[in-house]
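Q: Hints are included, so try docking the two chains, each in its own frame, into the full complex.
Heads up: the sequence lines are chains A and B, in that order.
If you read the first sequence in my numbering, its first letter stands for residue 879, the second for the next number, and so on.
If you read the second sequence in my numbering, its first letter stands for residue 5, the second for the next number, and so on.
Derived by calculation from the structure, the hints in this document are not laboratory data.
Hints should not be assumed to be uniformly reliable.
Calculated Cβ distances over 10 Å to all of chain B for the following chain A residues [to be verified]:
(1) A898
(2) L957
(3) A1052
Between beta-carbon pairs, the in silico distance windows are [as the list claims (entries may be wrong)]:
(4) A:F912 x B:Q169: 26 to 34 Å
(5) A:W1061 x B:H136: 46 to 54 Å
(6) B:G106 x A:V905: 51 to 59 Å
(7) B:D76 x A:V1005: 38 to 46 Å
(8) A:G1152 x B:V37: 46 to 54 Å
(9) A:W1061 x B:E192: 50 to 58 Å
(10) B:G33 x A:I1051: 26 to 34 Å
(11) A:L962 x B:D161: 37 to 45 Å
Listed next, the stretches of chain A that the computed footprint assigns to chain B, with coverage defined by at least 3 CB atoms under 8 Å from CB atoms of chain B [said to hold, decoys possible]:
(12) 899–913
(13) 926–940
(14) 968–979
(15) 1010–1017
Just so you know, even glycine gets a beta-carbon here, dropped at the ideal spot from N, CA and C.
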Amino acid sequence: MKRRPPWYRRWATYRRLTAAIFLACLVVGSFAWFPFTGSTGATRLANVIPFTDPLAAIESTLSTGNLAAPALIGAGILLGAAVLLGPIFCGWVCPLGLALDLNYALRRLVRRRVFRRRRQTPVPTVVPWSIRYAVLGAVLGFALFAGLPAFQTLSPINLLARSILFASLWGLIAIGGLVVLEWVMPRVWCRALCPLGAVYSLVGRFGLLRVRIDPAHAGRTPCRQCSTRCPMGIPVMESYAMGGRSSVTDPGCIRCGDCVDACPTAVLRLGLRGTPPGDDDHPGRLPVVPDGECEDCAA
Amino acid sequence: MPDTPEHAEPAFTRRQLLMLGCGLAAGAGLGIVHRTYGAPTPIGPLRPPGASADFTSACIRCGLCVQVCPADALRLTDLDAGLDTGLPYFVPEDAPCTLCEGEPALRCIESCPTTALLPVADTRDVNIGEAHIRRGRCLAYHGEECTACWDACPFPDEAIVFDEQGRPIVNEAACVGCGLCVPACPAEPLAVVVRAADTPAPVPGDGGGSGGGRGSGRGERQRRGNG
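Just chain B, same shape as in the assembly (with noise of 0.2 Å):
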C-alpha cells in the first residue's frame, strides 16, 4: 500500500467551509418554507405549567420535565407529530397536572434546561388552560347535588364557585388549566373540559388570514380530544 500522506489531517478547509455555507443556505430556505407554508403548531395539547411564549421553538425534546414530573403526568409526543415530535403534554383524563403538591417546586420547570419553560412565582400564576363546564353533562346543572370538581380544584372558591342553585361555575381568570377536575367528574360523558392556552407563539409574517382556520382547527381537536 502506497504512503499517501496528503490524505493526513484535512483541517477545516475550503471544502468544509463551502459545505457548511450550502448546509446554511439549504436549512434557511427549508427553514423560509416552513414559515411560510408550513402549518403551525395546534393548540390543543395541554403544555406542561411555566410553557413561554415560543415554547416549540425553546424545547429541546430532552424529556428532562417528564423524568422529574412526580405526578407522572407528562409524555412526549411521538415521530407522527412531525417537527413538534418530543414536546411534552398531558392528558387531565389520565393523569392531571398535580401542580407539584408537596414538592418545594414546580419541578418540570425546575428541571427544563432552556427557556421553553419559565419559572413561575405562585402556582397561581399558572396557565396552562382553562376548565370549562358542559351544562349538559354536568350532574348538578341536572338537579342532581355534586361538588366533585370544587373538591378536587387546588384553589376551590377562586377557581370554581358554586352560583345560588349550587351548580359550578369556573371563574377563568382563576383557573390554571391543572386538569385535576376532569378524573374527579363524576358524569359519564366527562362534564369537564380543559382548553389549552395560547402557549404557541404565532408565527412571525402570520397574517390575519390564517387566523380563522387555526380557530377552528382548535375546536376540531378539542372536541375530538373529548370524544
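Here chain A stands alone, though its shape is the one from the complex (with noise of 0.2 Å):
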C-alpha cells in the first residue's frame, strides 16, 4: 500500500510552490516592468497596493512615534488576511520557511537514506515555542528605547532575502549558520524563535483555515504520523485526533499541510472552519488503513 499521497496531491507541494513564487516575484521585482516590487519588509503592487510586514510596521512606528499610511494599509491587509484565513505567511509565503522546510526535508532524506533511520523522530521542544514572545517583547522594547527597529535589520527573513536580492554575502554566511543549527534542532527557529510568527499567531488564531479532524475514522490507527511531521511540534494525534477535537486550534500551527499529507489515512483534512469535518469523497486521500496494514506502526 502506498503510504503518502503522490506529490501533485500533496500540501506541501503547493505550499513550497506558492512561497518559491513569491521569492521569483521579488527577484524580478527590480525589473520595472514587473508589477510587483519589494522585499520581505514591504513589497508593492502595481505601485499602488501596499503590503507591509505587521512587525516592521509596529517596530518603525516605536521607534519614531510616527505611521506612515502605506505601513498602516499594507500591514492591515496582512494582518486582516492572517485574522481571516490563520497564519498562513509563515508556511505558504515566507522565503525563510521554505528554506528550513526544504533543509527538514533534506535531513528527513539523508536520515532515512544515509544513516538508515526508518522511524524518523518529532522536532525536538527543548527550546519552549513560547520563547518567540519574549524574543516579541525584546525587539518591541529595543524599538521603544533605542529608537531602532533591530528585527528589521537582523532577522533572517530579512537577512535571506537580501542576499538572495541585493547579494549580500554576510547575510548568507548567517543563514548558513541557521541552516546548521538547524541540522542539531530541527525548525527551532518557526517554532520557537521567530517573533513575526508570534505576531502572525497571536492574530489568526481564530483564522477560517484550520487542519480538520473526522471524528468517525480519529483514532483508529494511532499511527502518530502528524506529530511526528509537525515541523512546529504541536501533538496532533495526542491532543488533538485522540482528544475528540475536530479541529487542531493549537496557535502554533501554521496551515503549513504536513500532518495532512503523512496522514496514512482520510482523518486530516485542510479546510476552512464551519465545514464538515470528515469528507470521504476528498480528492487525494487514501482509504482508511485497515487495522493492521500500516507500514509504519504495524497498528
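A: In C-alpha cells form, the structure reads like this:
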C-alpha cells in the first residue's frame, strides 16, 4: 500500500510553490516592467497597493512615533488576511520558512537514506515555543527605547531576502549558520524563536483555515505520523485527533498541511472552519488503512 | 501513546505574558544601553533624497527604494554595518542620484512605506548633502578650461556658478547633493566630493561632549571614502 499521496496531491508541493513564486516575484521585481516590487519587509503591487510586514510597521512606529499610511494599510492587509485565514504567511509565503522547510526535508532524507533510520522523530521541543514571545517583547522594547527596528535589521527572513536580492555575502553566511543549527535542532527558528510568527499566530488564532479532523475515523490507526511530521511540534494525534477535537486549534499551527500529507488515512484534511470535518470524497486522500496493514506503526 | 488532552490549545496564558514582559524588559534594557553607550550612526554615507531626521529609526530595511531606483544608484549596507544593516545609500563615483530625471516623481520617496523618506515639493528641496570642489585638484583652478561639473549639474548657474576667472564655485544653499558632478569630473583624482547632510538625528540625551568626536569621525570617514 502506498503510504503517502503522490507529490502532486501533497499540500507541501503547493505550499512550497507559492513561497517560491513569491520569492521569484521579488527577484524579478527589480525590473521596472514587473508590477510587484519589494522585499520581505515591504512590497508593492502595481506601485499602488502596499503590503508591509506587520512587525516592521510596529517597530518603525515605536521607533519614531510616526505611522505612515503605506505601513498602516500594508500591515492592515496582511494582518487582516491572517485574522481571516490564520497564520498562513509562515508556511505559504515566508522565504525563510521555505528554506528551512526544504532544509528539514533534506535532513529527513539524509537520515532515511544515509543513516538508514526508518523511524522519524518529531521535532525536538527542548526550546519552549513561548520563547518567541520573549523575542517579540525584546524587539518591541528595543524599538521603543533605542529607536531602532532591530528585527528588521538582523532578522534571518530579511537577511535571506537581502542576500538573494542584493547579493549580501554576510547575510548568506548568517543563514548558513542558522541552517547548521537546524540540523541539530530542526525547525527551532520557526517554532520557538521567530517574533513575526508570534505576531501572526496571535492574530490568526481564530482563522478560518484549519486542519480538520474526521471524528468518525480519528484514532483508528494511532500511527502518530501527523505528530511526528508537524514542523511546529504540535501533538496533533495525542491532543487533537485522540482528544475528540474537530480541528487543530493550537496557536502554533501554521496551516502548512504537513500532517495532512503524512496521514496514511483520511482522518486529516486542510479545510475551512464550519465545513463538515469528515469528507470521504476528498480528492487525493487514501482510504482508511485496515487494521494491521499500516506500514509505519504496524497497528 | 497516552491521550494527553492537557497539551491542547495553549492559549495566550500567563506564561506567554511573562515571556513577553521579560522580553520587553530585556529589550528596553538593551535599548537604553545602546542609546547611552552605542556609537551613533556616522554621518557620511549619502542617503536617498527625502531622508528624514529619524531616518535610521523609521527605515524598515525593506530595500524597496533600491528595487525601484531607475538609476540603479541605491544600495543597501551589508551585515558588517551592525544595526545600520540594510540602510540604503549611494556612492556618486559609481552611480549618482539622477533625481529621477524623466520620471513623474522621485521613485524612492514614492515607494517608501514608512516616514524614512519624506515627500519633497520640488527636486530643488532635496537635501542629500553638498558638493565641495577641491581647488588643489580642480583643472579650472590650474588655468585649464573645464566646465564638466557645471555641464552635469541639474541646476547649473544655481548650484554651481563661475567666478570671473571661469572657476567653478558651489552654492551650498542651492546644491542638493545628487552627486551628478562627481563622475563627470575629468580630474584625477576627482576634484568634487559630496558631503552628506546631517540626516541622522542626534541621539536623544547625547550631550555636546561627544560632538567633537562625531565631527572628527565624519572627516575621517570622508577622507577614507575619497582615497
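Q: Now, for every hint given, state plainly whether the structure supports it.
A: Tested hints:
1. A898: holds, 19 Å
2. L957: With a cut-off of 10 Å, A:L957 remains clear of chain B, as the shortest Cβ separation is near 14 Å.
3. A1052: Its Cβ does come within 10 Å of chain B, the nearest being 6 Å, so this is violated.
4. A:F912 x B:Q169: 26 to 34 Å: violated, 51 Å
5. A:W1061 x B:H136: 46 to 54 Å: holds, 53 Å
6. B:G106 x A:V905: 51 to 59 Å: violated, 26 Å
7. B:D76 x A:V1005: 38 to 46 Å: The hinted range 38 to 46 Å holds for B:D76 and A:V1005, with Cβ atoms some 42 Å apart.
8. A:G1152 x B:V37: 46 to 54 Å: holds, 50 Å
9. A:W1061 x B:E192: 50 to 58 Å: holds, 52 Å
10. B:G33 x A:I1051: 26 to 34 Å: Since B:G33 and A:I1051 have Cβ atoms about 28 Å apart, the given range 26 to 34 Å holds.
11. A:L962 x B:D161: 37 to 45 Å: violated, 58 Å
12. 899–913: The restraint on the segment 899–913 of chain A holds, since 3 of its residues have a Cβ under 8 Å from chain B and three suffice.
13. 926–940: holds (count 7)
14. 968–979: Per the Cβ count (0), the hint is violated.
15. 1010–1017: holds (count 7)
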